[in-house]
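Sequences listed follow chains Y, V, P and E, in order.
Start counting the first sequence at 1; every next residue gets the next number (the working numbering).
Start counting the second sequence at 1; every next residue gets the next number (the working numbering).
Start counting the third sequence at 1; every next residue gets the next number (the working numbering).
Start counting the fourth sequence at 1; every next residue gets the next number (the working numbering).
Just to be clear, a hint being listed does not mean it is correct.
As the list makes no split between identical chains, a pair holds if one copy fits it or if it spans any two.
Mimicking DSS-like on lysine-lysine, the simulated pairs with C-alpha atoms at most 27 Å apart in a straight line are [unchecked claim]:
no. : residue 1 : residue 2
1   : Lys53     : Lys137
2   : Lys123    : Lys99
3   : Lys17     : Lys190
4   : Lys53     : Lys99
5   : Lys99     : Lys17
6   : Lys137    : Lys238
7   : Lys137    : Lys99
8   : Lys204    : Lys99
9   : Lys151    : Lys26
Bear in mind the hints are in silico, worked out from the structure with no lab data behind them.
Number of protein chains: 4
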Amino acid sequence: MRIDINCDMGESFGAYKLGLDEEVIKYVTSANIACGYHAGDPLVMEQTVSLAKDHGVAVGAHPGFPDMIGFGRRNLNATLSEIKGYVTYQIGALQAFAKAQGVTVEHVKPHGALYLMAVENEKISEAIVEAIASVDKNLIFVALAGAKGEKMTQIGKKIGLRVAYEAFPDRAYTPEGTLVSRRQAGAVIKDPDTVAQRALTMAKEGKVVAIDGSEIPFRPETLCVHGDTPGAVNLVRKIRDTLTNEGVEVTSLSTLYRVTQKVNQ
Amino acid sequence: MRIDINCDMGESFGAYKLGLDEEVIKYVTSANIACGYHAGDPLVMEQTVSLAKDHGVAVGAHPGFPDMIGFGRRNLNATLSEIKGYVTYQIGALQAFAKAQGVTVEHVKPHGALYLMAVENEKISEAIVEAIASVDKNLIFVALAGAKGEKMTQIGKKIGLRVAYEAFPDRAYTPEGTLVSRRQAGAVIKDPDTVAQRALTMAKEGKVVAIDGSEIPFRPETLCVHGDTPGAVNLVRKIRDTLTNEGVEVTSLSTLYRVTQKVNQ
Amino acid sequence: MRIDINCDMGESFGAYKLGLDEEVIKYVTSANIACGYHAGDPLVMEQTVSLAKDHGVAVGAHPGFPDMIGFGRRNLNATLSEIKGYVTYQIGALQAFAKAQGVTVEHVKPHGALYLMAVENEKISEAIVEAIASVDKNLIFVALAGAKGEKMTQIGKKIGLRVAYEAFPDRAYTPEGTLVSRRQAGAVIKDPDTVAQRALTMAKEGKVVAIDGSEIPFRPETLCVHGDTPGAVNLVRKIRDTLTNEGVEVTSLSTLYRVTQKVNQ
Amino acid sequence: MRIDINCDMGESFGAYKLGLDEEVIKYVTSANIACGYHAGDPLVMEQTVSLAKDHGVAVGAHPGFPDMIGFGRRNLNATLSEIKGYVTYQIGALQAFAKAQGVTVEHVKPHGALYLMAVENEKISEAIVEAIASVDKNLIFVALAGAKGEKMTQIGKKIGLRVAYEAFPDRAYTPEGTLVSRRQAGAVIKDPDTVAQRALTMAKEGKVVAIDGSEIPFRPETLCVHGDTPGAVNLVRKIRDTLTNEGVEVTSLSTLYRVTQKVNQ
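Isolated chain Y, as found in the complex:
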């Protein structure tokens, strides 16, 4: 039993500091690094790659819309060519910093509005995976696990990418296996024990308990966590410890894929 823990990082920008990267890095196995479009800048990218390398954490690109004021969280009606271009550009920029430090960009997870638009719109998912595959076919595409993310996932696989199903242990799921909207009560789960337990159930039993109590089969390969506040970091540590103590190996996606491949052969 193995699972990856991913976290958005490198979101600081110039004089602006965001996220407790130095803390949360200790407990995760994949860093999704902002690439200067919605957050991050060259110095921050360089430092975050270095931080990830020092902790043996996998480096991934976290491309977003060119919208620094909106932190990439606002839908932007860009053309498919533009989206493909934005993703290509940002992956390349991060690869240069990785190359300079002797590490490899291993995965790509779209950020914010770009991620959510890809979930809803197959054409956008296609533009994203085309960009990824055009740069490096070995990159792992992180996509939403569950019913809602299935199309996005299939689009990634079709083009030949390895796809990692992502789940959110601190978010409630509908019985259909999609995320409960943030506008609804109970959408975000805050109790650390509950969240850690959900993470364990996801990783170990391959299921999640939906908001109505029903169980959904569901086997994510990576769990998304946050490192914005001391409380969030504690929650991540709790998740990590719980998984480890219960015999789940927490490991990066590429290791996970290597091992799986070996087993399958």
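Since the structure of chain Y is provided, determine the placement of chains V, P and E on it from the hints.
Relative to the frame of chain Y, chains V, P and E by itself:
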């Protein structure tokens, strides 16, 4: 006898069109492509790489300061770490578009204020070549030929990069072998025949006639030309034709280096 | 019989030149000046205000989304507070340049995606007119004439602004009085004589002939024209000459309102 | 005896929070509000104007270079026209938010590199005060007190602006009355009691004790303080309390000028 002709390209941005890339591409052997910091955007980068590929023109990165309003022409007191980061970032971004089209970024020529600051300041030259070498030791560093550019050149060679001496056939030179300031009369030479003849003398005889009539030994490996106006494009064609008719092979820097290496062995 | 002719101006940016402002300014009465968010920059704003002043053309703000790469043409899912803030900011910035030259910003016309989103979404229209009214109740709000723009218009009037109905002589209209989509054949009318005639019919007879031949009552107070190409400028001259020759006074919105007010009293 | 206390505010940007504005606002009389070029955004500007209004704190513009990554702290070799344009633009943008809330922008203090370049370069000071005066002759220009700032001050007065001499109670001064470089030991004074005492001596006795123990006559009209950390805010409170307890009235620049004017008449 061989020489490269380089031209800044891909300087359009969104709705803004700049440069007659489709015309001038026919007569040059190296394209210095803007990387989205002082000019260019992902779509333009993608199209310019494609254009270069179609014409068998070498793709190079043309990194500049993050100053779109100022077109990268204004000195910016960035730290060395910032400069190194900016150059790394921009090379990587362009590499992704090159990779996607099966071509390789072959050279790097800093843009505008960054180039001129590097000529004046060894530390800045160091930051730039460190960035280049950290991403790819095979990249050719384009640096100012002549006395003034010598330090910049040595710094590139010291770190292990191949350096290409660049000259400006349409610019007057001082007897010391540096460019006459644009503020001085006669700094820019406009007569096409004169410019073409100067290019030929540079390429074939390894010398340039300075503004006072004296001859300076001077063997550039690449000639910088411009493609902003129909007149400029005609001038480039004239240069190219003159060189070719007079037995100078116009070829990209990497070919030039390959051939030279063979000869030296 | 009086009508205003408005044109987007000041869309150049740094080294990037866009539009033949110096030409088209001779034939229009209102300049919608870009304010540095989707196009324009402080120097261009200053020069465009000066150009308008020299030609006795009314200065107006043309606020757009903060999206220079997309030229403000892409829908952006900004919050209403953000939109209100963007419009306020841009009007203020232009007012400073106007103040410095002793002229007054007289009207506001939202740009591109912001304009089109306002047509579709009452909340966005409200955010825009609240911003305008909060800065200066005397500003004239330029809104789409016809059925489709009616809500937008009413929202402007409700808050106490003077609203100017805008029509597009070079665009085909549906029998319902809305613009034919650009994706449809015949949406854009290119023959100068036809366009000038349409402008005249709009101004003089208070009607427009729809794409199916039916006549729609329709009395715009301002006609939108373009100055991007020499052909476009000629078209504007043609419109202006036709109106003038046929006894329609071409005058800015504020004059038009002053006169109307006097008549009504 | 009266003095103003000013603090940079509104430096947050999108998702990025900077400064404890809600805390420090309680102890200052003038807020220098960032205007979206080096920091700040329309929403933040609107909120900061509102915060200042609620606390009866004077609203001022804090224009900087268009350099968000560098927080306006890096020298930029902009032309004088560009600088004038940048300052005009930013003052206007802030005025719109002030107008919308029924308050007036009362002062302008250039930010970071722009301020320091103005201290060194008379032409830049001129460009700045020309911009200020062109927008509103009643704006108060905040300039460096002491020998080094004298030229800047005179340039402001010459164009007809009221100028406020600014001093830094937490910075050491040379015997010549200029700031000790930050690179030197003892340049920044951290002990709250010492800083508060220096503020008091500046305000009450019209002098400052230089780093060598000598006394310099020196009568600032405004003291610059910082609100970045809880410690900084405590220091501001200490300064304010000390001044008040010792009979110095802490009041905004415009009040100070009104009172002075009355006295002089």
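Here is what the structure says about each hint:
Taking the shortest Cα distances, Lys53 and Lys137 sit within 27 Å of each other both inside one copy (22 Å) and across copies (22 Å). Taking CA atoms no more than 27 Å apart as the test, Lys123 paired with Lys99 passes between copies only; the shortest distance there is 23 Å, against 31 Å inside one copy. With identical chains, the CA atoms of Lys17 and Lys190 are at most 27 Å apart both within one copy (24 Å) and between copies (23 Å). With identical chains, the CA atoms of Lys53 and Lys99 are at most 27 Å apart both within one copy (12 Å) and between copies (24 Å).
In this homomeric assembly, Lys99 and Lys17 come within 27 Å of each other (Cα to Cα) only inside a single copy, at 25 Å, whereas the closest approach across copies is 32 Å. In this homomeric assembly, Lys137 and Lys238 never come within 27 Å of each other (Cα to Cα): the closest approach is 34 Å inside a single copy and 44 Å across copies. Taking identical chains as interchangeable, the C-alpha atoms of Lys137 and Lys99 lie at most 27 Å apart whether they share a chain (17 Å) or sit on different chains (11 Å). Taking the shortest alpha-carbon separations for Lys204 and Lys99, neither the intra-copy value of 35 Å nor the inter-copy value of 39 Å comes in at or below 27 Å.
Taking the shortest Cα distances, Lys151 and Lys26 never come within 27 Å of each other, neither inside one copy (33 Å) nor across copies (44 Å).
In terms of the numbered hints stated before, the structure departs from hints 6, 8, 9, listed from lowest to highest.
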